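Quick mapping for you: the protein sequence lines, in order, are chains S and V. Letter by letter, the first sequence follows residues 1 to 306 of my numbering. Letter by letter, the second sequence follows residues 307 to 509 of my numbering.
Calculated from the structure, these hints are not laboratory results. Be careful, since some hints might not be right.
Unchecked claim - Distance condition first, Cα-Cα at most 27 angstroms in a straight line; then the derived DSS-like pairs of lysine-lysine:
no.	chain 1	residue 1	chain 2	residue 2
1	S	Lys-38	V	Lys-505
2	V	Lys-444	V	Lys-403
3	S	Lys-29	V	Lys-505
4	S	Lys-68	V	Lys-347
5	V	Lys-330	V	Lys-385
6	V	Lys-330	S	Lys-70
7	S	Lys-68	V	Lys-505
8	V	Lys-385	V	Lys-505
As the list claims (entries may be wrong) - Stretches of chain S that chain V covers, calculated by requiring three or more beta carbons in the stretch to come under 8 angstroms of a beta carbon on chain V:
no.	region
9	2 to 12
10	53 to 62
Just so it is clear, the structure is predicted and the values come from calculations on it, not from any experiment. Note that the Cβ used here is the ideal one computed from N, Cα and C, for glycine as well.
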Amino acid sequence: MSECERVSDLFGEFHERRLDKQTETLVAKHLDGCPYCKNDYQWYGLTVQTLMSLEKVNPPEYLLQQIKAKLHETNQSESVLHFFKHLFTASPYMPLPVGIGALILIVFVGVVIYDRSPHQVFSESAQTLARSDSSTPAAPLPSHSSGVPWYQAPSATPWRAEGALAKGFFGDHQQSGGHLQQYAMSSPRLLEPDRMRGGIVQAPFAQKIEPGNITVQSNSIPVAVDSLKRMLPSLDGNLLEEKTEDRIGEIILGVAIPSYAYPKLTSELVNFGALTGPADPAAPPVVRSSPDGKKLVLYIRFIPSH
Amino acid sequence: MLLLFYASTAAENDDDASLVIKAKRGNREAFDVLLEKYYKKVYNLAYRYVGEQEEASDLTQEIFTAAFQNLRKFRGDSKFSTWLFQIATNRGKNRFKYLKRRGYFANKGQTENNDERDEQQRIVPDYSTNPETLLAGKQVQRIVQKAIDELDPDHKEIVILRDIEGFSYEEIAQLLNLPEGTTKSRLHRARMVVKEKLKRVLS
């Protein structure tokens, strides 16, 4: 590297007075004795001066307002995103997918707890609409779809069985004003296959009892339940499950009977004057079937008469 | 006097820090104060990167939007102004590369060459005898801006930060995350390139 090249490399530091004394003197001496480097250095200095003296550019007057408006817009659009980002934690660095995942988990838990998927809600709405269109005799709306808890008596006046009530089936208790009722449902919901396991319906009890099933009002529930249990073998039926709601004194029986036995059972109930509707006992108001399709599954709710 | 300068700088930094804290808590007015304080300097920086008013306005808007959106990530390890200009240089460099790829500066240079020829036909200043005219002349400013536009992005940003915007070597090293030695050598090379262009045009 020639001396001129070495000096040229030091132009910047020489110009800004950042060289040590000794080097500065050497550079100054070289520039005095080398017209080419001197001229080159003059241009270098001029360039730096020109760069430093470049005019400041004034931004357009509207710019500040424009930026403020843009930031306001950004702020608003970000606030929703920000809400979800910070929904579950105070940490500002929580990733959005975690927030979304947590939301999904909450929805899932909610669905599991209530065991009511949106699909079910929609299908029930469709059933309600279909029912309102059908020509079947007016029946009270399903208690749970109208928002009334399932264990409450429907607001519509139930059909009451007149006359003597069954002695064989319901016992003497029926004679003292007990009555049965069934809330007819025009298009009973079929049970989804995945809810059936080994011939036993897996749906929770709360869901099994619905307007298509039978509700028996009795002032002596244990006797009525016992009568039904004793009657089942003669119908080739069997008991699936039994649940007692101690709090409100109800018993729910899940029974499976052959489809051919259904008219017999309902006829018998009607003959005993213990069952309301459907108008034609031979009509198929059966709600469920066992997985092999050979038996019908009925849920009979025994509620105390007051 | 020096003490007074340091005191005022420290107070300014404290002001920025408290405004940043407020802005982080969602206080829009606090961010507006920071915006008003720095937008002219950011605009100038943006202008040097793109060399045109409308593009510079767009870029400035983009820089402040990015700063606003990322303010929560600013932990206060450096000064707010350093952080802001870091965003500005990154965005400026990216925009410059993008425009260069699209031939923006080549088209712009052609138009300006025609303007320059027209201007030269009207006034022919004697640069060799009148350096003040040389420095003040709009034509020279334009030549220098063009020379800067033609630099490669790494050299361009250092010339802009050091010679035009007046940042210290230490600040530039922090902004660009470079050693001071590299910053100085890049600056020297960039100045030499601009010098050659200026010399060629004006000699």
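Note to self: Under 8 angstroms between beta-carbons, do enough residues of the region 2 to 12 of chain S, three at least, approach chain V for the coverage claim to hold?
What the structure shows: Contact hint for the region 2 to 12 of chain S vs chain V: holds, 4 residues under 8 angstroms.
Next item on the list: With a cut-off of 27 angstroms on the C-alpha distance, tell me whether Lys-29 of chain S and Lys-505 of chain V pass.
Entry: Answer holds: Lys-29 of chain S to Lys-505 of chain V is near 24 angstroms, not above 27 angstroms.
Checklist line | Agreement of Lys-330 of chain V and Lys-385 of chain V with the hint, judged by alpha carbon distance not exceeding 27 angstroms | finding: Satisfied, since the Cα-Cα distance of roughly 15 angstroms is no more than 27 angstroms.
Margin query: Can you confirm whether the C-alpha distance between Lys-68 of chain S and Lys-347 of chain V stays at or below 27 angstroms?
Written below: holds (16 angstroms)
Note to self: So if I understand the rule, the pair passes when the alpha-carbon distance is 27 angstroms or less; does Lys-68 of chain S with Lys-505 of chain V pass?
What the structure shows: Cα-Cα ~43 angstroms, so violated.
Margin query: Checking one constraint from the list: CA of Lys-444 of chain V to CA of Lys-403 of chain V, max 27 angstroms. Satisfied?
Written below: holds (26 angstroms)
Notebook entry, point to check: Is it true that the CA of Lys-385 of chain V sits at most 27 angstroms from the CA of Lys-505 of chain V?
Noted result: violated (39 angstroms)
Notebook entry, point to check: Within a Cα-Cα threshold of 27 angstroms, do Lys-330 of chain V and Lys-70 of chain S meet the stated pairing?
Noted result: At roughly 18 angstroms apart (the allowed maximum being 27 angstroms), Lys-70 of chain S and Lys-330 of chain V satisfy the hint.
Margin query: Between the region 53 to 62 of chain S and chain V, are there enough contacts, at least three residues with CB-CB distance under 8 angstroms, for the coverage claim to hold?
Written below: holds (count 8)
Checklist line | Hinted pair Lys-38 of chain S and Lys-505 of chain V, Cα distance within 27 angstroms | finding: The given pair, whose Cα atoms are some 14 angstroms apart, holds under the 27 angstroms limit.
Hint compliance for this structure: hints 7 and 8 are broken, all remaining hints hold.
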